[in-house]
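Residue numbers (this note's numbering), protein chains in the order written: chain A, 1 to 133; chain B, 1 to 133; chain C, 1 to 80; chain D, 1 to 80.
Since the hints were derived computationally from the structure, they do not count as laboratory data.
Possibly wrong hints are sitting among the right ones.
To be verified - Heads up, simulated SDA-like pairs for lysine to any residue below, C-alpha to C-alpha not over 20 Å straight-line:
| no. | chain 1 | residue 1 | chain 2 | residue 2 |
| --- | --- | --- | --- | --- |
| 1 | A | Lys102 | C | Leu50 |
| 2 | B | Lys102 | A | Gly88 |
| 3 | A | Lys102 | C | Ala53 |
| 4 | B | Lys102 | D | Ala53 |
| 5 | D | Lys3 | D | Glu37 |
| 6 | B | Lys102 | A | Arg86 |
| 7 | D | Lys3 | D | Gly30 |
| 8 | B | Lys102 | B | Arg44 |
| 9 | A | Lys102 | B | Arg86 |
| 10 | B | Lys102 | D | Ser78 |
| 11 | A | Lys102 | C | Lys3 |
| 12 | B | Lys102 | D | Glu37 |
| 13 | D | Lys3 | B | Lys102 |
| 14 | B | Lys102 | A | Glu36 |
| 15 | A | Lys102 | C | Asp48 |
| 16 | A | Lys102 | B | Gly88 |
| 17 | B | Lys102 | D | Gly30 |
| 18 | A | Lys102 | A | Asp9 |
| 19 | B | Lys102 | D | Val26 |
| 20 | B | Lys102 | A | Lys102 |
| 21 | A | Lys102 | C | Tyr58 |
| 22 | B | Lys102 | D | Leu50 |
| 23 | A | Lys102 | C | Pro76 |
| 24 | C | Lys3 | A | Ile68 |
| 25 | A | Lys102 | B | Arg44 |
| 26 | B | Lys102 | D | Pro76 |
| 27 | B | Lys102 | D | Glu70 |
| 28 | B | Lys102 | D | Gly56 |
| 29 | D | Lys3 | B | Glu36 |
| 30 | C | Lys3 | A | Glu36 |
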Amino acid sequence: MISAAQRPDCGAISTFIGTTRVDESSGASVEYLEYEAYRPMADRKLEEIGAEIIERWEVRHVSIIHRIGRVDPGGASVAIVVASPRRGPAFEASRYAIERIKEIVPIWKREVWSDGYVWVGSQVDTRPLSHEV
Amino acid sequence: MISAAQRPDCGAISTFIGTTRVDESSGASVEYLEYEAYRPMADRKLEEIGAEIIERWEVRHVSIIHRIGRVDPGGASVAIVVASPRRGPAFEASRYAIERIKEIVPIWKREVWSDGYVWVGSQVDTRPLSHEV
Amino acid sequence: MVKILLFGAAADAAGTREFELQLSDVRTLGNLWPLLEDRHPGLSPMRDTLAFAVNGEYARMDDRVSPGDEVAVLPPVSGG
Amino acid sequence: MVKILLFGAAADAAGTREFELQLSDVRTLGNLWPLLEDRHPGLSPMRDTLAFAVNGEYARMDDRVSPGDEVAVLPPVSGG
Chain A
1 MISAAQRPDC GAISTFIGTT RVDESSGASV EYLEYEAYRP MADRKLEEIG AEIIERWEVR
61 HVSIIHRIGR VDPGGASVAI VVASPRRGPA FEASRYAIER IKEIVPIWKR EVWSDGYVWV
121 GSQVDTRPLS HEV
Chain B
1 MISAAQRPDC GAISTFIGTT RVDESSGASV EYLEYEAYRP MADRKLEEIG AEIIERWEVR
61 HVSIIHRIGR VDPGGASVAI VVASPRRGPA FEASRYAIER IKEIVPIWKR EVWSDGYVWV
121 GSQVDTRPLS HEV
Chain C
1 MVKILLFGAA ADAAGTREFE LQLSDVRTLG NLWPLLEDRH PGLSPMRDTL AFAVNGEYAR
61 MDDRVSPGDE VAVLPPVSGG
Chain D
1 MVKILLFGAA ADAAGTREFE LQLSDVRTLG NLWPLLEDRH PGLSPMRDTL AFAVNGEYAR
61 MDDRVSPGDE VAVLPPVSGG
């Protein structure tokens with residue numbers, strides 16, 4: 001992904017990789033994450049984000065990949081690569097992409113724990129109440 | 001560099017790659033870039049920047065590599081990788097690192113053109129005056 | 001006939017990821033919702049958190065749903 | 001003896017990347033500068049753009065330079 005973004009007319013490539021962070025705040029721990037998508041719509045929304053970026057910033061290349069399915073703790077779930085002639089737009093566009101993904105792309109993350117699972121962002125889970133203590 | 005930054009306690013890896021941009025605004029064109037460093041001091045300043053970042057942001061991993069010597073157009077000259085539990089600090093720290101490199105690290109870039117060379121930032125060059133037209 | 005797709009916590013609440021609703025007339029999404037609730041009462045408590053898409057694009061409650069459309073029930077997204 | 005290192009455009013202007021200055025007493029960097037200019041007059045026009053390091057750390061004009069030190073003449077940095 002990064003080498004595809006290297007262009008002589010660009011001086012800056014900003015990359016963001018979202019990895020599955022594991023908080024060990026409660027007794028049990030997350031075994032893995034599982035991402036589910038409304039596939040054709042999610043793909044289209046990712047393309048829309050790329051088009052928004054090209055329109056708003058001096059950016060020559062955007063690529064975004066989101067993994068679906070099981071991702072182990074510490075593993076990469078999303079990767080964003082933006083190339084621009086200048087570093088300011090590269091950073092801004094890369095940040096915009098991840099914020100926008102979290103806003104509009106129909107993808108859902110489920111934390112699978114040893115004792116149940118949690119749909120992140122939905123306050124819906126199957127884990128025993130004890131973990132809230 | 002990126003895989004070394006993947007940690008279960010981090011959710012965000014921000015990477016910045018500076019590449020040698022080529023403007024073809026004038027008749028001649030840049031054949032390659034050449035970086036020169038005051039080596040032990042440059043290495044120490046890069047380490048200082050890493051330490052500043054760890055002190056100021058919630059960042060668990062920083063690595064910075066700067067190439068010295070010849071870099072072809074479009075090639076990478078500097079790579080910064082920052083890992084943080086959260087994306088905000090990852091972006092901010094990564095941006096800070098490149099700004100700081102351009103401020104305090106004793107490294108100099110020379111554009112080598114077909115008809116001479118230019119020390120970037122020093123208004124000193126050996127190219128014939130015609131290129132300013 | 002309208003195809004209803006459910007995702008994430010909404011699929012859990014409904015106990016299914018997909019079902020079909022008989023629909024002979026054009027309705028708004030707002031008027032379709034009671035039929036969804038009726039078939040899967042588990043969806044009711046999450047009503048305020050849900051978004052909807054018609055044929056793959058976000059839709060408001062006054063947007064129209066016609067026979068043959070695909071309606072998706074979308075809990076708060078949590079990608080990234 | 002003080003070792004003087006020059007980089008980038010400053011090395012070009014001086015026509016050398018390194019030279020040595022006889023120095024028997026302790027001086028400030030500000031008092032050392034005329035000796036550098038004297039040896040390499042090409043440095044004079046860039047005076048206002050230069051920074052200096054003594055023993056690998058940025059130094060101000062009133063910082064001291066002792067025999068045995070390494071003084072670096074640094075044009076505006078342009079890394080990245």
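(request) Starting from B/Lys102, check that the Cα of D/Pro76 is at most 20 Å away, please. (result) holds (9 Å)
(message) Just to be careful, I want the Cα atoms of C/Lys3 and A/Glu36 compared with a cutoff of 20 Å; is the pair within it?
(response) holds (19 Å)
(message) B/Lys102 and D/Glu37 were given as a pair; does the straight-line alpha-carbon distance stay at or below 20 Å?
(response) At roughly 27 Å apart (the allowed maximum being 20 Å), D/Glu37 and B/Lys102 break the hint.
(request) Below or equal to 20 Å on CA atoms is what counts here, so check A/Lys102 against C/Leu50. (result) holds (15 Å)
(message) Would the hint linking B/Lys102 and A/Lys102 be met if the CA-CA limit is 20 Å?
(response) Distance ~32 Å between B/Lys102 and A/Lys102 Cα, so the pair is violated.
(request) Quickly compare the C-alpha distance for B/Lys102 and D/Gly30 to 20 Å and report which way the hint goes. (result) With a Cα-Cα distance of about 25 Å, the restraint between B/Lys102 and D/Gly30 is violated, given a limit of 20 Å.
(message) Between the alpha carbons of D/Lys3 and D/Glu37, is the straight-line distance 20 Å or under?
(response) Answer holds: D/Lys3 to D/Glu37 is near 15 Å, not above 20 Å.
(message) Checking one constraint from the list: CA of A/Lys102 to CA of B/Gly88, max 20 Å. Satisfied?
(response) Satisfied, since the Cα-Cα distance of roughly 14 Å is no more than 20 Å.
(message) Run the distance test for C/Lys3 versus A/Ile68: straight-line Cα separation, threshold 20 Å.
(response) Between C/Lys3 and A/Ile68 the Cα gap is close to 23 Å, so the pair fails against 20 Å, i.e. violated.
(message) Hint check: A/Lys102 vs B/Arg44, CA-CA at most 20 Å. Holds or violated?
(response) violated (38 Å)
(message) So if I understand the rule, the pair passes when the alpha-carbon distance is 20 Å or less; does D/Lys3 with D/Gly30 pass?
(response) Holds, at about 16 Å.
(message) Tell me if the straight-line CA distance from B/Lys102 to A/Glu36 falls inside 20 Å.
(response) Judged against 20 Å, a Cα distance of about 42 Å means the pair is violated.
Of the numbered hints stated above, those contradicted by the structure are hints 11, 12, 13, 14, 17, 18, 19, 20, 24, 25 and 27, listed in ascending order.
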